[in-house]
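Visitor: First to last, the sequence lines map onto chains Z and F.
Going letter by letter, the first sequence gives residues 23 to 130 in my numbering.
Going letter by letter, the second sequence gives residues 426 to 543 in my numbering.
The set of hints was computed from the structure by calculation and includes no laboratory data.
We treat Cβ as the ideally placed atom computed from N, Cα and C, and that holds for glycine.
The reader is advised that the hints may include incorrect statements.
What the hints assert, rightly or not - Label-pair ranges, simulated between beta-carbon atoms:
(1) F:Ser452 / Z:Arg117: 19 to 25 Å
(2) Z:His91 / F:Gln453: 35 to 41 Å
(3) Z:Ala98 / F:Gly441: 49 to 55 Å
(4) F:Pro433 / Z:Gly115: 25 to 31 Å
(5) F:Thr442 / Z:His78: 40 to 46 Å
(6) Z:Gln36 / F:Gly477: 51 to 57 Å
(7) F:Ile437 / Z:His91: 41 to 47 Å
(8) Z:Arg117 / F:Lys490: 17 to 23 Å
(9) Z:Val49 / F:Val487: 26 to 32 Å
(10) Z:Ala98 / F:Ser443: 44 to 50 Å
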Amino acid sequence: KNEVEQSPQNLTAQEGEFITINCSYSVGISALHWLQQHPGGGIVSLFMLSSGKKKHGRLIATINIQEKHSSLHITASHPRDSAVYICAGETSGSRLTFGEGTQLTVNP
Amino acid sequence: SAVISQKPSRDICQRGTSLTIQCQVDSQVTMMFWYRQQPGQSLTLIATANQGSEATYESGFVIDKFPISRPNLTFSTLTVSNMSPEDSSIYLCSVESRDRGRTNYGYTFGSGTRLTVV
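Looking at chain Z on its own, in the form it has when it is part of the complex (with noise of 0.2 Å):
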């Protein structure tokens, strides 16, 4: 069982939707890490949540520490907001463990 499960697999949505997508990790993660790869490849690092939420133009992250759950919002949806998102895990000695990534498609 992956210590980071994150969902939807895949999702696509309208310009201007409302897109929320979710992640769930296991005990002995320290900081739960949201980071958006672009289709060439390139890995930007979003978030680093250890508790309360986080908010940066149009991305907002919240971490449910108790329920080991976390989520990433992206308000007024745009079509340069197609990407992977990728939920990652830090455990001990800074090492990161990867959701599978929810590839999001946002049409217009």
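Guided by the hints, dock chain F onto chain Z, whose structure is given.
Guide: Only chain F this time, still in chain Z's reference frame:
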């Protein structure tokens, strides 16, 4: 945050040969991480490279197949040895990227090396 230069960006190699991938960071970092992303899958950590000591390999990865060098705090190489078609993947390096004076941090990734073994 740190900037990483990774090369080559892609290569097509014959089975049985080896390829060395380089990552250069624009600042000194303690740990560098090497990942593999097989087609259609997410990333898997290969090893953690610390300067001045042997790399620490994850389960399923061995030094003979993926030797790593870390000669200083800004540079590392990963070699994929005796390649087979199953080694066809994207290989990425990464470093922890911490804003000075802040507790917030993330990870910076190299642009990746797309390897095809024929």
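Visitor: Sort out which numbered hints this structure fails and list those numbers smallest first.
Guide: none
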